[in-house]
Structures are given as structure tokens and as C-alpha cells.
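Undergrad: Residue-level listing of the chains:
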Amino acid sequence: MNLQPANADTDSMLRRACEGDATAFAGLVRLHQSSVYSIGYRMLGGRDAAQDLAQDVFFQLYRKLDSIESIDHLGFWLRRVAANLAIDRLRRAPFTTTYSLDTIAPELADPPSNDESGEDLLMARALWKLMGELAPAARAVMVLRYQEDRDVAEIATALDMPVNTVKSHIKRSLTALRGKMIGAQLITAEDLPEERP
Amino acid sequence: MSEDIENQLRRAMRPLDPPEGFAERVLRALPERGPRATLASVAVLHPAPRAKLWRRLAGPTALAASFVIAIVMGHYVAEYQADKERRAGLEASRELMDALRVTSKKLDQAYEAVNRPPPSPPAAEENRS
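Top line first, the protein sequences correspond to chains A and B. Residue numbers for the first sequence, in my numbering: 1 to 197. Residue numbers for the second sequence, in my numbering: 1001 to 1129.
Hints should not be assumed to be uniformly reliable.
Claimed, not checked - Simulated DEER-style distance windows between Cβ atoms: (1) A:R91 to B:V1077: 46 to 52 Å; (2) A:R92 to B:E1006: 30 to 36 Å; (3) B:L1057 to A:D151: 38 to 44 Å.
Derived by calculation from the structure, the hints in this document are not laboratory data. All C-beta atoms in this analysis are idealised placements derived from N, C-alpha and C, irrespective of residue type, glycine included.
Take the sequences, apply the hints, and build the full model.
TA: And the structure:
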């Protein structure tokens, strides 16, 4: 797959958005809306809160467009702002998050038909419970690591925390997740891969 | 089940699409909560170089102005203080001169009183004649 034309397109979209082209800006929003919305959704635990957060992130982007250097920088900038905004909201109103079975993620709404999807559903349920219990910073680390597939160094930069703190958040969250899955009899201790040092 | 928990986690955390029409709603809301997405508003969002230059220079200019004002005020205060001291000195000098003049007068009077020849007794004159 040749990525060159796509990169050129998105770079040109960014340039045109900086020049005031609303259509190009809309293109940038469409390009990154899933990522930003999902960060908000998994951190705040609700669709409305996620939409509100995503809107605020894109408003901020609109005001700061001239500081965006490239399309890669744009992705990093959006992830950083979305995660930090979500952390701020969780810290300001820690009891307003809506992690519950009523607001469970859409991927959990439709029951899977085969065994493999069943495992995924159970994992998603355990994950959903875990996310509701994690501290804001730890939630952000997990979302950036496993949803956005970012490396530890980038997460540390985005969240302005030491690399070792990021690693420790990941390790503790994975341990807690394993515990939840064992507790729910989803997997047995023998099925678990050995913990990495 | 033996699949790496991290891969399972990645699958469980796939990015989700926002509700239909999200991008359009963001764009529609921009004029209400932010500048309008037109070329004119872009001029506001991205101010002209002159405005940017002024914004960049505002801080240093204010600092320099404060510095100049502090120097001028300092100079004025120092001058006022010196003038006050000079006047006090002149006043003290004048008072000293007055005091010396009075003292000198008193000394002259005392000197005259001491050196004046005693008057001759009239009774002795009469006896001699």
C-alpha cells in the first residue's frame, strides 16, 4: 500500500485548514473524530460526555491550527489535548462519570455469535469495569497504550509524566484486569501468560 | 484463551465512531463558540504579522517603560532630597552666623566693660584743693 498520496492529501488538508478552508477543517475532524471521541468515551464512560469532550478538543484545534506543524503532530496534539482534558474533567467532577451497565460500550450491546467474539465481549466487560475504577491518569495511560497503540515514551510526553510511572500504571492495570477476568471466571490462572518482568 | 491479554485488550479498545453527523455539528457550533470558519475570521485567528509583532513586543516594551519611569522617578526623588538637604544646610549656616554675631556683640560689650577706666572719686579732688 502506498501511503504517499494519503499523506500528501492530509498535509494539503491541514495546510488548507490553516488558510481558513472550512471544508478542509471538516476533513481533519472526520479523519480524527473516532480517535478523539473514543478517548473521551473510554475515559469519561458516556456518549454525551465523549461528544462534549471531542467538540471542545476540535474547538481548541480550530483556535490553535497555526501551531500545528504536520499531520503527525496533529495526531499527537489531539491525543494529548483529549487525554489531558478528560483527566481534568474527571478530577474536577470525579463522581459524574457514567460507567455502568446502562452506558456500557456499544460493542457490548450486540451479543456475539461465536466463541471468539464471546471472549472479546467478556474482555470488554472486564475492561469496562476496570476503567471505571482506575484513577484518571491510569485510565489515560491505558487508553493511549491499547486504543491508540502509542509507545510508552510518547504516552509519557503526552501526559507529562515519567516513563517509569507510565510503565507502572500499565503493569498495575493489567494485573487488576487479570484479577477481574479470573474473578468473573472468564479465564483461569493457568491460562494467563506469565507476567513480564 | 491463551492469547496474549494485551492483544485482546487492543481488540476490546478499538476506536469507536461518534454518532452520525458529528463533524457537521462541530462545524455548525464553531461560529457560536469560536470564530467563524471563513477567510475573514481566519484573519482574526491568525492575526496579521504587525499585530503579532506588537503582541510579541508588548511585554518587553512595558518592561522598558517601567524601567525608564523608575529611573526618572528615582532621579526626581534624589534631586528633591538633595535640594531639601541644601536648604537645611543654608538655614543651619544662617542660624550659626546669627548666633556668632550675637556672641561677638556680647563679647565686645564685656570687653568694653572690663577695659573702661574707673571714674575718679570726686571727694579726693575736693580735699586736694
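Undergrad: What hints, given by number in increasing order, does this structure fail?
TA: No numbers; nothing is violated.
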